[in-house]
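Construct all of the structure, not just a fragment, from the sequences and the given hints.
Note that the protein sequences, when read in sequence, are chains H and Z.
The opening position of the first sequence corresponds to residue 53 in our numbering, with each subsequent residue numbered one higher.
The opening position of the second sequence corresponds to residue 40 in our numbering, with each subsequent residue numbered one higher.
Derived from the structure by calculation, the hints contain no laboratory data.
Take the hints with a grain of salt, since some may be wrong.
[To be verified] Here are the computed lysine-lysine pairs in the DSS-like style, where the Cα-Cα straight-line distance is at most 27 angstroms: (1) K88(H) with K70(H); (2) K74(H) with K104(H); (3) K71(H) with K93(H); (4) K74(H) with K92(H); (5) K104(H) with K71(H); (6) K92(H) with K88(Z); (7) K100(Z) with K88(Z); (8) K93(H) with K70(H); (9) K71(H) with K88(H); (10) K152(Z) with K71(H); (11) K92(H) with K104(H); (12) K93(H) with K152(Z); (13) K88(H) with K88(Z); (14) K88(Z) with K93(H); (15) K71(H) with K107(Z); (16) K107(Z) with K88(Z); (17) K70(H) with K104(H); (18) K74(H) with K93(H).
Remember, predicted model here, so these are calculated numbers, not experimental data.
Residue strings, one per chain:
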Amino acid sequence: ETGVTQTPRHLVMGMTNKKSLKCEQHLGHNAMYWYKQSAKKPLELMFVYNFKEQTENNSVPSRFSPECPNSSHLFLHLHTLQPEDSALYLCASSQGAGLGVNEQFFGPGTRLTVL
Amino acid sequence: AQSVTQPDIHITVSEGASLELRCNYSYGATPYLFWYVQSPGQGLQLLLKYFSGDTLVQGIKGFEAEFKRSQSSFNLRKPSVHWSDAAEYFCAVGPVDQGGKLIFGQGTELSVKP
Numbered sequence: 053e054t055g056v057t058q059t060p061r062h063l064v065m066g067m068t069n070k071k072s073l074k075c076e077q078h079l080g081h082n083a084m085y086w087y088k089q090s091a092k093k094p095l096e097l098m099f100v101y102n103f104k105e106q107t108e109n110n111s112v113p114s115r116f117s118p119e120c121p122n123s124s125h126l127f128l129h130l131h132t133l134q135p136e137d138s139a140l141y142l143c144a145s146s147q148g149a150g151l152g153v154n155e156q157f158f159g160p161g162t163r164l165t166v167l
Numbered sequence: 040a041q042s043v044t045q046p047d048i049h050i051t052v053s054e055g056a057s058l059e060l061r062c063n064y065s066y067g068a069t070p071y072l073f074w075y076v077q078s079p080g081q082g083l084q085l086l087l088k089y090f091s092g093d094t095l096v097q098g099i100k101g102f103e104a105e106f107k108r109s110q111s112s113f114n115l116r117k118p119s120v121h122w123s124d125a126a127e128y129f130c131a132v133g134p135v136d137q138g139g140k141l142i143f144g145q146g147t148e149l150s151v152k153p
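So, in structure tokens, the structure goes:
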């Protein structure tokens, strides 16, 4: 595997379900990001992790719970979601804060549908 | 507040015609500047980036962009568009004092007529 991978690519869940999105980067980076992309809206940064520590939470509802066990893996745990949470969830990685330029590399995304 | 504006939500060009996508940013200093492209159902792919130096930067797929400090702009250009260029294009700025954070514009959707 190369670059940034995300699984699953598609997910349909009910409002009472619990599911997790997984992201893995094979680039040796130290920073990872979750974005939400809804139709006709700009990319929304959700969370930032640098060296496994969360450095940004953009007022994301608690029904979204991130986890970063190491610099290569990032999870987004989902529970009791709402239909308006249906979107494409994108993961990205970069070298890390304080390590120069902040070019981000993106995964293909998980298309989430909440029924 | 830092912001990125892409004034054109949707652009349609004919195949073989030239293309220019506009991007303006608001930031106190010169940030890092990026253009990404997103094909339907896919993630974002980096087209090109500007950090410093020559204000005309070349990217992949025949794209180039020019940084104009006086206009706070970073417009994307291509001399001859191909049907495969149809996609959504995002301009982004990376404030130099905010680590890896990027601020994205709302995107411009490009359609290509045969």
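### Message
Between the alpha carbons of K88(Z) and K93(H), is the straight-line distance 27 angstroms or under?
### Response
Answer holds: K88(Z) to K93(H) is near 23 angstroms, not above 27 angstroms.
### Task
Starting from K70(H), check that the Cα of K104(H) is at most 27 angstroms away, please.
holds, 23 angstroms
#### Entry: Pairwise hint evaluation, K107(Z) against K71(H), where the allowed Cα distance is 27 angstroms at most
Cα-Cα ~46 angstroms, so violated.
### Query
Can the restraint linking K93(H) and K70(H) be considered satisfied, given a maximum Cα separation of 27 angstroms?
Holds, at about 26 angstroms.
### Message
Hint check: K74(H) vs K93(H), CA-CA at most 27 angstroms. Holds or violated?
### Response
holds, 23 angstroms
### Query
If you draw a straight line from the CA of K107(Z) to the CA of K88(Z), is it 27 angstroms or shorter?
With a Cα-Cα distance of about 14 angstroms, the restraint between K107(Z) and K88(Z) holds, given a limit of 27 angstroms.
### Query
Straight-line Cα separation of K71(H) and K93(H) no greater than 27 angstroms?
With Cα atoms ~24 angstroms apart, K71(H) and K93(H) stay inside 27 angstroms; holds.
### Query
K93(H) and K152(Z): Cα distance at most 27 angstroms?
holds, 25 angstroms
### Query
Given the hinted pair K152(Z) and K71(H), is their alpha-carbon gap at most 27 angstroms?
Not satisfied, since the Cα-Cα distance of roughly 41 angstroms exceeds 27 angstroms.
### Holds or violated: K74(H) to K92(H), with C-alpha atoms at most 27 angstroms apart
holds, 25 angstroms
### Holds or violated: K104(H) to K71(H), with C-alpha atoms at most 27 angstroms apart
Holds. K104(H) to K71(H) sits at ~21 angstroms (cutoff 27 angstroms).
### Message
Would the hint linking K92(H) and K88(Z) be met if the CA-CA limit is 27 angstroms?
### Response
Holds. K92(H) to K88(Z) sits at ~25 angstroms (cutoff 27 angstroms).
Violated hints, in rising order: 10, 11, 15; the structure is consistent with all others.
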